[in-house]
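In case it helps, numbering that gives the first Met the number 0 puts the sequence shown at residues 0 to 256.
Certain hints may be false.
Claimed, not checked - Pair by pair, the computed Cβ-Cβ distance ranges are:
1. Gly202 x Ile170: 55 to 63 Å
2. Ser7 x Gly202: 17 to 25 Å
3. Ile170 x Phe231: 16 to 24 Å
4. Arg40 x Leu144: 40 to 48 Å
5. Gly9 x Leu177: 17 to 25 Å
6. Arg43 x Phe192: 36 to 44 Å
7. Thr38 x Ser168: 17 to 25 Å
Since the hints were derived computationally from the structure, they do not count as laboratory data. Glycine included, every Cβ here is placed at the ideal spot set by N, Cα and C.
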Amino acid sequence: MGHLDHASLGWLTPTLSYVMACIGAALGLRCTVRALGTTGRARRNWLLTAASAIGTGIWTMHFVAMLGFSVSGTDIRYDVPLTILSLLVAVVVVCVGVFAVGYSRDRTRALLLGGLTTGLGVASMHYLGMAAVRLHGDVTYDPVLVGISVLIAVVAATAALWAGLNIKSPIAVTAASLVMGAAVSSMHYTGMFAVRVHVTPSGQVLPGATAMQFIFPLTVGLGSYLFITSAFVALSPTAGEREASASAQRPVQSPAR
Numbered sequence: 000m001g002h003l004d005h006a007s008l009g010w011l012t013p014t015l016s017y018v019m020a021c022i023g024a025a026l027g028l029r030c031t032v033r034a035l036g037t038t039g040r041a042r043r044n045w046l047l048t049a050a051s052a053i054g055t056g057i058w059t060m061h062f063v064a065m066l067g068f069s070v071s072g073t074d075i076r077y078d079v080p081l082t083i084l085s086l087l088v089a090v091v092v093v094c095v096g097v098f099a100v101g102y103s104r105d106r107t108r109a110l111l112l113g114g115l116t117t118g119l120g121v122a123s124m125h126y127l128g129m130a131a132v133r134l135h136g137d138v139t140y141d142p143v144l145v146g147i148s149v150l151i152a153v154v155a156a157t158a159a160l161w162a163g164l165n166i167k168s169p170i171a172v173t174a175a176s177l178v179m180g181a182a183v184s185s186m187h188y189t190g191m192f193a194v195r196v197h198v199t200p201s202g203q204v205l206p207g208a209t210a211m212q213f214i215f216p217l218t219v220g221l222g223s224y225l226f227i228t229s230a231f232v233a234l235s236p237t238a239g240e241r242e243a244s245a246s247a248q249r250p251v252q253s254p255a256r
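Model the full structure from these sequences, guided by the hints.
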């Protein structure tokens, strides 16, 4: 049995991964709030931005945390196509959940269905990412901890969609994003504690890319996308600001004599 270290770089990776999860959640919630205040193409575009932000934030959180993952007695590599597929799964399933909430007339039903779909998708992203890991040995999982991690993912996704529907003020969104970041991080580390590795020493070269060759550059790129999108959202006028601006530009009619 190989010794697993989930924080081989110290508190850097858990802290940074939590920050990325919070940023993705906060950005996604703000975009959802903007979407619900608009119609037509504008709503669709805001919902797409929300889905990409939340999905990217979750994926970035996972692989930033994986930068600190090591197993004694073996190197670790990552299958590139599977890793990219896990990113696409994260964005697509969050998109399904966000659009279900954004367009459905029955908000309660959409919330439950969207939360379940998104939560299962987030869990799928996590375990697809783990399936991309290549090492000298066999990887197994504790089924109880796997089940708990999936349950956390579903509850976290449902809570995120509920927050997008019901939380409007920036302070409340910030508080909700901190809670969501903690929930996503808890899901990740619960899933990681379910991992068991039986190392088989070998001199063969592992297929795939190292974390620094592939995961780190991609994570930096996606993190930059989140920060740039955050700036765009912060500078974009809200529905209330647009209405106030339109009112100010209307000509003032003089009273009839």
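How the hints compare with the structure:
1. Checked against the given bound of 55 to 63 Å, the beta carbons of Gly202 and Ile170, roughly 57 Å apart, stay inside it.
2. The hinted range of 17 to 25 Å is satisfied by Ser7 and Gly202, whose Cβ atoms lie roughly 23 Å apart.
3. The given range of 16 to 24 Å is respected by Ile170 and Phe231, whose C-beta atoms sit roughly 21 Å from each other.
4. Between Arg40 and Leu144 the CB atoms are about 44 Å apart, so this pair conforms to the stated range of 40 to 48 Å.
5. Range check, Gly9 to Leu177: Cβ separation about 22 Å, and the 17 to 25 Å hint holds.
6. Separation of Arg43 from Phe192 is about 39 Å and conforms to the stated range, judged on CB atoms against 36 to 44 Å.
7. As the Cβ distance of Thr38 to Ser168 is approximately 22 Å, the hint placing it in 17 to 25 Å holds.
Violated hints are absent here; each numbered hint is respected by the structure.
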